[in-house]
Every structure is written in structure tokens, then in C-alpha cells.
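Read off the chains here:
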Amino acid sequence: MAKRPRVLTLSAKEHLVLELLAEHGELYGLQLVANSRRKLKRGTVYVTLGRMEDKGYITSRLEDAPPEMGGMPRRLYEATPLGRRVLAAWSTAATHLMPEFAK
Amino acid sequence: MKRRGSRLRAIAARLFDARTMARVIDPAIADLQAEPPSVWRYLAVIKTIAVCAPEVSMKLGTASIVSIGVLAFVVAALELPPLAFAWSQGTFEPGMLVYLLPQGLAIAVQIGLAAGILCAYGGRAISRRALIGVVALSLAASAAAFVNVGWITPAANQAFRERVVRQTPTSAPFARGFNELTFNEVRNQYRMASAIESSNPGAVDSTDLHYLANSYHGRWAVTLAPIVFAMFALALVRRRPLIRWAGALAVGVVYLAYIFYLDVPVLPALDGRWLGGAAWYPELALIALIVLLMLTNRHRSYAVAG
Numbered sequence: 001m002a003k004r005p006r007v008l009t010l011s012a013k014e015h016l017v018l019e020l021l022a023e024h025g026e027l028y029g030l031q032l033v034a035n036s037r038r039k040l041k042r043g044t045v046y047v048t049l050g051r052m053e054d055k056g057y058i059t060s061r062l063e064d065a066p067p068e069m070g071g072m073p074r075r076l077y078e079a080t081p082l083g084r085r086v087l088a089a090w091s092t093a094a095t096h097l098m099p100e101f102a103k
Numbered sequence: 001m002k003r004r005g006s007r008l009r010a011i012a013a014r015l016f017d018a019r020t021m022a023r024v025i026d027p028a029i030a031d032l033q034a035e036p037p038s039v040w041r042y043l044a045v046i047k048t049i050a051v052c053a054p055e056v057s058m059k060l061g062t063a064s065i066v067s068i069g070v071l072a073f074v075v076a077a078l079e080l081p082p083l084a085f086a087w088s089q090g091t092f093e094p095g096m097l098v099y100l101l102p103q104g105l106a107i108a109v110q111i112g113l114a115a116g117i118l119c120a121y122g123g124r125a126i127s128r129r130a131l132i133g134v135v136a137l138s139l140a141a142s143a144a145a146f147v148n149v150g151w152i153t154p155a156a157n158q159a160f161r162e163r164v165v166r167q168t169p170t171s172a173p174f175a176r177g178f179n180e181l182t183f184n185e186v187r188n189q190y191r192m193a194s195a196i197e198s199s200n201p202g203a204v205d206s207t208d209l210h211y212l213a214n215s216y217h218g219r220w221a222v223t224l225a226p227i228v229f230a231m232f233a234l235a236l237v238r239r240r241p242l243i244r245w246a247g248a249l250a251v252g253v254v255y256l257a258y259i260f261y262l263d264v265p266v267l268p269a270l271d272g273r274w275l276g277g278a279a280w281y282p283e284l285a286l287i288a289l290i291v292l293l294m295l296t297n298r299h300r301s302y303a304v305a306g
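Those sequence lines, one after another, are chains B and D. Start counting the first sequence at 1; every next residue gets the next number (this note's numbering). Start counting the second sequence at 1; every next residue gets the next number (this note's numbering).
Treat the hints as calculated values from the structure; they're not laboratory data. There could be a bad hint or two in this list.
Said to hold, decoys possible - Cross-link-like lysine-lysine pairs, in silico, DSBU-like; alpha carbons within 35 Å at most:
| hint | chain 1 | residue 1 | chain 2 | residue 2 |
| --- | --- | --- | --- | --- |
| 1 | B | K13 | D | K47 |
| 2 | D | K47 | B | K39 |
| 3 | D | K59 | B | K41 |
| 4 | D | K2 | B | K41 |
| 5 | D | K59 | D | K47 |
| 6 | D | K2 | D | K47 |
| 7 | B | K41 | D | K47 |
| 8 | B | K13 | B | K39 |
| 9 | D | K59 | B | K13 |
| 10 | D | K59 | B | K39 |
| 11 | D | K2 | B | K39 |
| 12 | B | K13 | B | K41 |
| 13 | D | K2 | D | K59 |
On a predicted model such as this, the values are computed, not experimentally measured, just so you know.
Chain D on its own, in the form it takes in the complex:
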């Protein structure tokens, strides 16, 4: 016959590492087994597991699942507006999900990566080996992001646009926008436009110039984002659970809100005198936050079970 709580223990063992099991979960279940059966006592153990989840570090497998879940959620949130537009045009087709995937991944990967790091290493000092693993992973994500935003996303975006437009009665041959140019093409156009503008101020339309600058700088910013987000997560891991998760959630929400807000008409105002500056603001804000966290982490010795 199975002992009371053995199923709960099996579930918890899938989530938490051996240290957390020995320190937190097993004592709760051992006490449960020593008492008369009661639903409330079961619920208290479930609460212990729920309280543990943000408090301690999870197994790498569990952290990966959380990371992929966050990534999928963000991709879905980013795909929704263009898909809703296609739906309103009556041109929606399931294949469009695939065309929008690279664009969604370009933003979602860094958020998913940060969530995974916080789950895997939250509340404990990171070993040198783990640190090397995180750095290697973020560099790989950065390299993949460069290829994605440089070549895959522009092609996929253009395919999506053509799919939407071609099926409307007023469709016409569809030129590529700056965001649909490959990395080399957008770089060349940006250099050319900058040269013209510097030799003949006002020759290039201001909105176009800012759009082009942000299309170019935005690709570098997205390429570096996995590294910056990974550093942010590493700077947060030793914070108290509430600060850790509230901070991560706030940064994720603000970042996504900024991405949604970043549209062509607002770029000149956001950029100001710094062409393409709007693309870098999230990274710069995060770097400032990382420096602040690291400076205050020097005086911090907080560590929790796990």
C-alpha cells in the first residue's frame, strides 16, 4: 500500500533538486504521514510545493520546460496582432503561424532564456561550470538571433505580407519594407542614406531615415539581447524570491510593451538626435539595471534552500 503523500512526493521530485527535497518537501511529507489523514493537511503540503517553486532552484529539465513555456507564450502574444489583422482581412490561413514564428522568436528567446536561468539557478550561488554553460547558451542564442533577424525573419515577414495582400481584391505587386530587407541590404541602404543626409541635410525623408536606422540598429540590438537578458537574470538570481520574480516579470512586460509601442510614426520622436537610438533603449536600460544589481549584490549574502 502506498503511504500518504507518496504521489505528491513523486511530483515534487520531478520539479526540485535533491537538496530541496531533503530540506523542504520530505519533512513536510514525513509530518503528513505522522498525522491522521486530512484534506487540509494535504493542501498544506501542496502549498509547501507551490511556495517552493519560486523560492528554490529547479531541476534543469523543469527549468527548460518553464523556459519553453514562457517562450511559447511570448511568441503567441507577438503573433496575435498580425494574425488578427489577417483574420480581419479574411485572408487568414494556418500556414501564417509559421511565417510569423521567426519574428516572434527574435523577441521571445531572450525572455525565455532569462526565465529558464531564474528557474534553474534562483536563490543560489552559481558554480563556475554553470556560469560557463549560461554564457555559452546565451552566445549561441545570440548567434542564432543574428541569422534569424538578418535573413530568416525578413524573408518570412515578406512571405506573410504577400500572403495577406495577394488574397485581397486590391492586391498589387508588393515591395519589401526596410524590415523585409536582409541584413546586408539594410546595412547598405542605411549607409547610403546616412551619407546622403550628412552631405545634404534634409534630402532623405526624416521618418524613412529613422525607420531605416532602427531597422538596422534593431537587428544588432536583438542579436545582443540574449546576452544582456542572460546577464540580467544572473544578476537577479540571488535576490529574494519576490524581488526576483516581480523584477523579472516587470522587465518582461515593459520590454514587450515597448516592442508593441515601437512603430514607425513614433521613431523620430523616440530617437531624438540619436538615429536608431530607440532600438537600443531596452538594452541600455537593462545594462543600467544590471550594474545597479551587481553593485548592490556585493553586499548580499542571501541564499535559500536548493
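The shape of chain B in the complex, shown without the other chains:
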């Protein structure tokens, strides 16, 4: 049986994450929280990021901590081409459907 096409969904938080990543390029989870003006919480952002990676909207890579500081390697996040297309489509749709709320 042919596999059904995936339904692409984007929550408000996911939209914000994609916007920030599209604007800044690669960011750590904490940088996303800092740049979101309190809209993203540090206690939940990693779960959101994990979910978005599963959806294919973002990708991540590990970056070793500086030798003088040590610690675990940190994860840097970046929007995928799919994530950028979803963001663009979402923004276009929002502009057409609710022009009064468009930026």
C-alpha cells in the first residue's frame, strides 16, 4: 500500500524557532530562548527542538566545548530547507488569510 503523504503542521513555538533560526543561522537552545524575548522557555525548548528535528524542520550538530571550559558537547540547531519552505508557506498563508496581523 502506498504510504500516505505527511501532514505538515507548525505550532506557534515551532514557527518562532524557525523564524529565529532563519534570521540568525545556527543557534544553541539557550540562544533561542534568549532571542525569543521570553516566548520560549528553557524548560521546554529542548523538547520542542527534538520534535522539530523529528519533523525534519531543523537539523543539529554537536560542537565540542572549549578545552579550557570542558563539559559536554553543545548542540547547535539550524533550519533545514524543508523548515525554511514551511516557514515561508506558513507566513504567506497567514498574510493572505489574516492581512491585518501580517508584519
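Given the structure of chain B, go ahead and fit chain D onto it with the hints provided.
Relative to the frame of chain B, chain D by itself:
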């Protein structure tokens, strides 16, 4: 010297699978280690772990512990009313806990099984191997339930009743009720009563007939319950965490409330024209819910970390 967050990480590693650790927990702890120490930052990592728990699938060992915890809670909730009665009669003794255990397990196993499945496979597609494991487990639970409600629970119930009654001043020889008959005995009595009733309507007391019918059908319903609850849990696993857990909790609470409500005087009204129907209502409602979930799951691709 231990790095900040290493203890939290060790705790999380006991709960979550490697994928969740790599995707969610490790980035949170790595960021914690890169920042100046602060209680709030620690609390944020704890919150991440707490948020993760219902969101992702747990290790099988952790899921088993949650499953057993839910099972123990339900058994305790079911044992409380009869034990309170024994206490009020002044005949309570600790051994009664054992007599009531089979009756509690007959209801609690399916709820614990569903909770375990939701913990182990929540938020992800289930592999064929895991599915076979779940089906085998629910079939084994179903077989055990059949033996339990057919022979063990009736004997244990009667022992409990005799323990309570024998120690009161007004005690008298205590006949077994329909629920204290073995499966074969209750089946024979039900067949006999049905035959008499069909040949001579009104010959059997209506309440007794409904009680007997529900005692018989209830055993089949409880026997099949682990399979139905396992299917319900499987239908729920790919739902969003809030829907998954709120749905499971609502079904568990309604099921237990119905079990508490199901008493002999209400059976004729609940059954209506369908003798023993009251015993099947929870399963039928769940099957309808499963069909609904499966139909809507076809259009669902939601998956989360883990």
C-alpha cells in the same frame, strides 16, 4: 570532580532511551554546564526532564515500573471499600489483603498494562517486533484473567466473606453468592435459569437473573479486557502527549467509576433487554473509541523525540 548536571543526567538516563537523551536531555545539560551556576538553571533542566516524561517513550524497565505502580494504585483503590467494611465490623485482619488481591487484579491488570504500553511506546511508531510483544503480553494477561475470575477470585472472595462474617456475633453458615461460584458453576446456573425463564417467563426473579447473567458475562468481559485495553493504548500511542495521557486517564477513571457503580440493584436497569449487557458496556465503548482513533490515526503523522 563531577560536572554540573551529571547527577541529573544519570537519573534521566535511567528513564529515557538513548535517542531522547541525545536529542533532549544532553543539549539541556550541555548548555547548563556552559553557563554560570544557578539554581534556576538547574530547575529548568529538571523541568525539561519532567516535560519529557509524558512526551517521549521510556525505557522498558521504567515503563514496567510505572505499569506496576498504576496496577498497585488501582488494586489499593478497589480493596479499600471492602476493607473499610471489615474494619467497621471490627473483623479486619491483615490477611484479608491477600483474599481481596485476585479481585483487585482482575480489574487493575488491564489498566496497568495500558499505562505500561503508553509509557513504553508513547509518541512513536511501533515496530512489528514490539507489536508482537504487546499482543503476546495481552493474550497472556487475558489467559491469566480467565483463570483468575473463573476460579481464584470466587474462592478468595468467599474466604474473605467467611472471614468477615464468621467473626461477628450474628454469624451463620454462609452460602456462596453468584460471584463466588466457579466459572463452570455459574455457567451451568446461568444456562439453567435462562432455560427456565424462556420456557416460563417470570419464573426466575428478575434481579437474580440479571445478577447471574452479569456474573457470567462479566467474567468473559474481564477476560477480554487486557486485549481491548492494550488495543486502546496502541491506538493512543501516536497522539499528542496531552491527548494521550488525558484520554488514558479519563478512560481509566470512567472504567473504575463504572466498576464501583455496578452493583446488583442497578443491573436490571443497566441491562435493559440485553441480559448481562452491563458487563460488556465498557468494552463496547472502548472498541468504539479504538475504531474512532484508528480512523483518525490514518491521517496522522505526528511523532516526537524518542
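Here's how the hints hold up against the structure:
Taken as a hint, the K13/B and K47/D pair is honoured in the structure, with Cα atoms around 17 Å apart against an allowance of 35 Å. Our distance criterion of 35 Å between C-alpha atoms is met by K47/D and K39/B, whose separation comes to about 16 Å. Note on K59/D and K41/B: the hinted pairing holds, with a Cα-Cα distance of about 26 Å set against a maximum of 35 Å. Restraint check for K2/D and K41/B: the C-alpha separation of about 27 Å stays at or below 35 Å, so the hint holds.
Distance hint between K59/D and K47/D is fulfilled; the C-alpha atoms sit about 19 Å from each other, no more than 35 Å. For the hint linking K2/D to K47/D, the alpha-carbon distance of about 21 Å falls within 35 Å, and the restraint holds. Between K41/B and K47/D the alpha-carbon distance is near 10 Å, which keeps this suggested pair within the 35 Å criterion. A threshold of 35 Å between alpha carbons decides the hint, and for K13/B with K39/B the separation of about 8 Å falls inside it, so the pair holds.
Distance restraint check for K59/D and K13/B: the Cα-Cα separation of roughly 28 Å lies within the 35 Å cut-off, and the hinted pair is therefore satisfied. Restraint check for K59/D and K39/B: the C-alpha separation of about 31 Å stays at or below 35 Å, so the hint holds. Taking the CA atoms of K2/D and K39/B, the gap is near 33 Å; set against the 35 Å cutoff, the hint holds. Restraint check for K13/B and K41/B: the C-alpha separation of about 10 Å stays at or below 35 Å, so the hint holds.
About 25 Å separates the Cα atoms of K2/D and K59/D, which keeps this hinted pair within 35 Å; it holds.
Violated hints are absent here; each numbered hint is respected by the structure.
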